[in-house]
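The chain contents come next:
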Amino acid sequence: MSVLVVADHDLGALSPATARVIHAVSELGPIDLLVIGQDIDAVAAEAARVAGVTRVLVAKGASSSDADASLIAALAEPYHYIVQSAGSVGKDRMPRVAAKLDLMPVTDVVKVLGPTRFERPIYAGNAVQTVSDGQARHVLTIRASAFRAAAGGNDAPIEVIENSAASAARLIAAHRTESDTPDLATAQIVVGGGVALGSAENFQLIEQLAKKLGAAIGATRAAVDAGYAPNDWQVGQTGKIIAPDLYIAIGISGALQHLAGIQGAKKIVAINADPEAPLVKLADLALIGDLFEIIPQLLVELDKAGLKRD
Amino acid sequence: MKILVAIKRVVDHNVRIRVRPDGTGVETSGVRMSMNPFCKHAVEAAMQLSEAGHGDEIVIVSIGPKASNDVILTALAMGAHRGILIETDAELETLAIAKLLAKVVAEENPDIVLLGKQAVDDDSNHVGQMLAALTDRPQATFASEIKVVGQGIEVTREVDSGRETIAIPLPAIVTADLRLNTPRNAALPMVMKARSKPLAVRPVAEFGVDLTPRLTIEKVSPPAERAAGKSVASATELAAYIATEVSQMEAL
Ligand SMILES: Cc1cc2nc3c(=O)[nH]c(=O)nc-3n(C[C@H](O)[C@H](O)[C@H](O)COP(=O)(O)OP(=O)(O)OC[C@H]3O[C@@H](n4cnc5c(N)ncnc54)[C@H](O)[C@@H]3O)c2cc1C
Ligand SMILES: Nc1ncnc2c1ncn2[C@@H]1O[C@H](COP(=O)(O)O)[C@@H](O)[C@H]1O
Numbered sequence: 001m002s003v004l005v006v007a008d009h010d011l012g013a014l015s016p017a018t019a020r021v022i023h024a025v026s027e028l029g030p031i032d033l034l035v036i037g038q039d040i041d042a043v044a045a046e047a048a049r050v051a052g053v054t055r056v057l058v059a060k061g062a063s064s065s066d067a068d069a070s071l072i073a074a075l076a077e078p079y080h081y082i083v084q085s086a087g088s089v090g091k092d093r094m095p096r097v098a099a100k101l102d103l104m105p106v107t108d109v110v111k112v113l114g115p116t117r118f119e120r121p122i123y124a125g126n127a128v129q130t131v132s133d134g135q136a137r138h139v140l141t142i143r144a145s146a147f148r149a150a151a152g153g154n155d156a157p158i159e160v161i162e163n164s165a166a167s168a169a170r171l172i173a174a175h176r177t178e179s180d181t182p183d184l185a186t187a188q189i190v191v192g193g194g195v196a197l198g199s200a201e202n203f204q205l206i207e208q209l210a211k212k213l214g215a216a217i218g219a220t221r222a223a224v225d226a227g228y229a230p231n232d233w234q235v236g237q238t239g240k241i242i243a244p245d246l247y248i249a250i251g252i253s254g255a256l257q258h259l260a261g262i263q264g265a266k267k268i269v270a271i272n273a274d275p276e277a278p279l280v281k282l283a284d285l286a287l288i289g290d291l292f293e294i295i296p297q298l299l300v301e302l303d304k305a306g307l308k309r310d
Numbered sequence: 001m002k003i004l005v006a007i008k009r010v011v012d013h014n015v016r017i018r019v020r021p022d023g024t025g026v027e028t029s030g031v032r033m034s035m036n037p038f039c040k041h042a043v044e045a046a047m048q049l050s051e052a053g054h055g056d057e058i059v060i061v062s063i064g065p066k067a068s069n070d071v072i073l074t075a076l077a078m079g080a081h082r083g084i085l086i087e088t089d090a091e092l093e094t095l096a097i098a099k100l101l102a103k104v105v106a107e108e109n110p111d112i113v114l115l116g117k118q119a120v121d122d123d124s125n126h127v128g129q130m131l132a133a134l135t136d137r138p139q140a141t142f143a144s145e146i147k148v149v150g151q152g153i154e155v156t157r158e159v160d161s162g163r164e165t166i167a168i169p170l171p172a173i174v175t176a177d178l179r180l181n182t183p184r185n186a187a188l189p190m191v192m193k194a195r196s197k198p199l200a201v202r203p204v205a206e207f208g209v210d211l212t213p214r215l216t217i218e219k220v221s222p223p224a225e226r227a228a229g230k231s232v233a234s235a236t237e238l239a240a241y242i243a244t245e246v247s248q249m250e251a252l
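Top line first, the protein sequences correspond to chains A and B. Heads up, the first sequence is in my numbering, so the first residue is 1 and it goes up one at a time. Heads up, the second sequence is in my numbering, so the first residue is 1 and it goes up one at a time.
One thing to keep in mind: the hints can contain errors.
Calculated from the model, a selection of chain B residues having no Cβ within reach of chain A, i.e. all distances over 12 Å [to be verified]:
| no. | residue |
| --- | --- |
| 1 | D70 |
| 2 | K117 |
| 3 | G128 |
| 4 | A133 |
| 5 | D136 |
| 6 | R137 |
| 7 | G152 |
| 8 | S161 |
| 9 | P169 |
| 10 | T182 |
| 11 | R184 |
| 12 | M190 |
| 13 | V191 |
| 14 | S196 |
| 15 | E225 |
| 16 | A240 |
Example chain A residues on the side facing chain B (calculated, C-beta under 7 Å, incomplete) [claimed, not checked]:
| no. | residue |
| --- | --- |
| 17 | L28 |
| 18 | L75 |
| 19 | G87 |
| 20 | S88 |
| 21 | L101 |
| 22 | S179 |
| 23 | T181 |
| 24 | N231 |
| 25 | A305 |
Here are the computed lysine-lysine pairs in the DSS-like style, where the Cα-Cα straight-line distance is at most 25 Å [as the list claims (entries may be wrong)]:
| no. | chain 1 | residue 1 | chain 2 | residue 2 |
| --- | --- | --- | --- | --- |
| 26 | B | K2 | B | K193 |
| 27 | A | K267 | A | K308 |
| 28 | B | K230 | B | K2 |
| 29 | B | K147 | B | K66 |
| 30 | A | K60 | A | K111 |
| 31 | A | K281 | B | K197 |
| 32 | A | K212 | A | K267 |
| 33 | A | K281 | A | K308 |
| 34 | A | K266 | B | K147 |
| 35 | A | K304 | B | K230 |
| 36 | B | K197 | B | K103 |
| 37 | A | K111 | B | K219 |
| 38 | B | K103 | A | K100 |
| 39 | B | K2 | B | K219 |
| 40 | A | K267 | B | K197 |
No lab work stands behind these hints: they were computed from the structure. Here a beta-carbon is modelled for each residue, glycine too, at the ideal position from N, C-alpha and C.
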């Protein structure tokens, strides 16, 4: 039984999701880690250090869903598992890989119960399926937030492989969100803001609090749609799935689709004007009141408590 | 230009679903059903392309039970021209859905196929990408903007790092994200008119696709419940709680 994991990387660095995916599938067999892209030498070097990786395969060239899917499908033959995180790249690419191989994928896996048995959430996390996959090979995407990261300290060999796959797509522009906050999907603390913030300017209150706590920033769809926060901060069924130790939800009602993204949070704190808001009911700790009064007070109180992680 | 839009009938996204006590699935009988929200954005996108002079014909296809006629009628009322219902009472896997849609693509030969990015029941997020593989067409998933430029399209996609714009040639597959547009509500005269538009009902067996499931759903369970929490009265108490949580985190 052998495993091909496809790495996630961004801006020349291995994404934190990859070490978690490796850990998630570490029981399934020896792991080859495939890195596809341009300027990926540093990524490959980082990939080689992840514990549990037998070999790093490096395929150089522009990455795009059609070409990558062709490359991965061509490499798939010797592997029993083909795996990537359920981030936007894995979601885009792995179903295409699966269909090319005439396989039904199992996606958004949150638990590996055994070699062919997996758990995945459906209905925005309001139900959990236990799936058994009797196919000869398995295409999986893994929710990184549901697993811990594999350790470092490895020194796996790196092999450059031929990549002649061509894409019909051309990248015209990347509109990135400039932010020095931690990766949302793997952050220990997340501060989330809702549409109650009222403006992009006011949303900076959330950013200030996040900065003080060394936290990543999340937002509701309503806040993103209103232009208060960039789309890649959206948490929920259609946004990112988070599982921090602490989630602080401010001015967020707790719609089903938002809750879908935070079920893995260990502790939830809610700040809301409405004691009946679903998120308040669900929170481990709630403070009822006006966020515009509470956040400034909280910033001061955290200073007094000597808390500083920025 | 011809546009094919694939739409799915699902439990309405506002319904709080209930897992059947015997673990066989989610209760869907007697529950309000409607068009998958992402599919609505796909239909709206087709309408806007057509209104901008890029779509002569919009064909809607849905795979599901007889009652899926409802969601096709909704799409026809939004302005689409004709519908196809591929009728089956079986719950099909996404791979089978994609294979059926590939047959429809072979028959209809559309320039653009629009789908939702995911169905909010199974939350799979597969079918568009699978259809692209099976028809060997380029794909642009999670679209928040679609522009026709020359012989191709430029699509802005919502990705983990923000947004990116790609250019792909036609024919192509595009899946719609929620920020693509605001779906219209059909006016009553359009609803009346929809009933007179062509709607072909075709049994699934006609397509000769092997629909045998590849996966076994052993059981469906409710998610773990969270323990009840408490509330505090001041920012001071809240700060103390956060400080304790953080120091516990750092101790690990
Ligand atoms: C298919 C689909 C997918 C979706 N996907 C997502 C998703 O991925 N993520 C997501 O978040 N949403 C998603 N949504 C939207 C979701 O249904 C809700 O509309 C959204 O989450 C609401 O955001 P909100 O909590 O910011 O706003 P609201 O629901 O309007 O809540 C605002 C809250 O702020 C409180 N408030 C107001 N003023 C103050 C104040 N001064 N101080 C303190 N509290 C205050 C109110 O009491 C209220 O609880 C999706 C919807 C659909 C249909
Ligand atoms: N039964 C179906 N009939 C028609 N289209 C479907 C069906 N199932 C899925 N789709 C399309 O594929 C998209 C993604 O669905 P999924 O991959 O199941 O999350 C949906 O938004 C629809 O556009």
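Tested hints:
With a cut of 12 Å on Cβ distances, D70(B) stays outside the contact zone with chain A, its closest approach being about 20 Å. Interface exclusion of K117(B) from chain A breaks down, the closest Cβ pair being 8 Å apart, not more than 12 Å. Against chain A, the non-interface label of G128(B) is violated: not every CB pair exceeds 12 Å, the least being about 8 Å. The Cβ of A133(B) does not lie farther than 12 Å from every Cβ of chain A; its closest approach is about 4 Å, which violates its non-interface assignment.
In this structure D136(B) is not separated from chain A by more than 12 Å, as the shortest Cβ-Cβ distance comes to only about 9 Å. Remark: the non-interface label on R137(B) conflicts with the geometry, its nearest Cβ contact in chain A lying 8 Å away (cut-off 12 Å). For G152(B), the requirement that its beta carbon stay farther than 12 Å from each beta carbon of chain A is not met, with the minimum near 9 Å. Annotated as non-interface, S161(B) brings its C-beta within 12 Å of a C-beta of chain A; the closest such distance is 5 Å.
Not every CB of chain A is more than 12 Å from the CB of P169(B) (nearest about 6 Å), against its label as outside the interface. Remark: the non-interface label on T182(B) conflicts with the geometry, its nearest Cβ contact in chain A lying 10 Å away (cut-off 12 Å). Every CB of chain A lies more than 12 Å from the CB of R184(B), the least distance being 17 Å, so the non-interface label holds. Non-interface call for M190(B) relative to chain A: holds, since the shortest CB-CB distance, roughly 26 Å, exceeds 12 Å.
V191(B), annotated as away from the interface, keeps every beta carbon of chain A farther than 12 Å; the closest lies near 27 Å. No beta-carbon of chain A comes within 12 Å of the beta-carbon of S196(B); the shortest separation is about 35 Å. Non-interface status of E225(B) relative to chain A is broken: a Cβ of that chain comes within 12 Å, the nearest being about 10 Å off. Listed as a non-interface residue, A240(B) fails to keep its Cβ farther than 12 Å from every Cβ of chain A; the least gap is roughly 6 Å.
Interface hint at L28(A): violated, since its Cβ lies 17 Å from the closest Cβ of chain B, which is beyond the 7 Å cut-off. The beta carbon of L75(A) is not positioned within 7 Å of any beta carbon in chain B (closest approach about 16 Å), and the interface hint is therefore violated. Interface restraint check for G87(A): the shortest CB-CB distance to chain B comes to about 5 Å, inside 7 Å, so the restraint holds. At about 4 Å, the closest approach between the beta carbon of S88(A) and any beta carbon in chain B falls short of 7 Å, and the interface hint on this residue holds.
Annotation: interface hint on L101(A) violated; nearest CB of chain B at approximately 9 Å, more than 7 Å. Hint status for S179(A) relative to chain B: violated, with the closest Cβ pair at about 10 Å, above 7 Å. Contact between T181(A) and chain B, as hinted, is not supported at the beta carbon level, the nearest pair being about 13 Å apart and thus beyond 7 Å. Taken as an interface hint, N231(A) checks out: its beta carbon lies about 5 Å from the nearest beta carbon of chain B, inside 7 Å.
Taking 7 Å as the C-beta cut-off, the interface hint given for A305(A) holds, the closest approach to chain B being about 4 Å. Using a Cα cut-off of 25 Å, the hinted pair K2(B) and K193(B) holds, with the two alpha carbons roughly 21 Å apart. Simply put, K267(A) and K308(A) have alpha-carbon atoms about 20 Å apart, close enough for the 25 Å limit, and the pair holds. Among the hinted pairs, K230(B) with K2(B) is inconsistent with the structure: their alpha-carbon atoms are about 57 Å apart, more than 25 Å.
A C-alpha spacing of about 35 Å is found between K147(B) and K66(B), which places the hinted pair above 25 Å, so the restraint is violated. About 32 Å separates the Cα atoms of K60(A) and K111(A), which puts this hinted pair outside 25 Å; it is violated. A hinted pair counts as satisfied when its Cα atoms are at most 25 Å apart, and K281(A) with K197(B) does not qualify at roughly 48 Å. Restraint check: the Cα-Cα separation between K212(A) and K267(A) comes to about 18 Å, which is no more than 25 Å; the hinted pair holds.
Of the supplied pair hints, the one linking K281(A) and K308(A) is violated, its CA atoms being roughly 29 Å apart against a limit of 25 Å. Annotation: proposed proximity of K266(A) to K147(B) is violated, straight-line Cα distance about 42 Å (limit 25 Å). The hinted pair formed by K304(A) and K230(B) meets the criterion: a straight-line CA distance of about 23 Å does not exceed 25 Å. Restraint check for K197(B) and K103(B): satisfied, since their Cα atoms lie roughly 22 Å apart, inside the 25 Å limit.
With a CA separation close to 14 Å, the supplied pair K111(A) and K219(B) stays within the 25 Å bound. Proposed proximity of K103(B) and K100(A) is supported: the alpha carbons are some 16 Å apart, at most 25 Å. With a C-alpha separation of about 41 Å, the suggested pair K2(B) and K219(B) falls outside the 25 Å cut-off, and the hint is violated. Note on K267(A) and K197(B): the hinted pairing is violated, with a Cα-Cα distance of about 53 Å set against a maximum of 25 Å.
When the structure is compared with the earlier hints, violations turn up for hints 2, 3, 4, 5, 6, 7, 8, 9, 10, 15, 16, 17, 18, 21, 22, 23, 28, 29, 30, 31, 33, 34, 39 and 40 and for no others.
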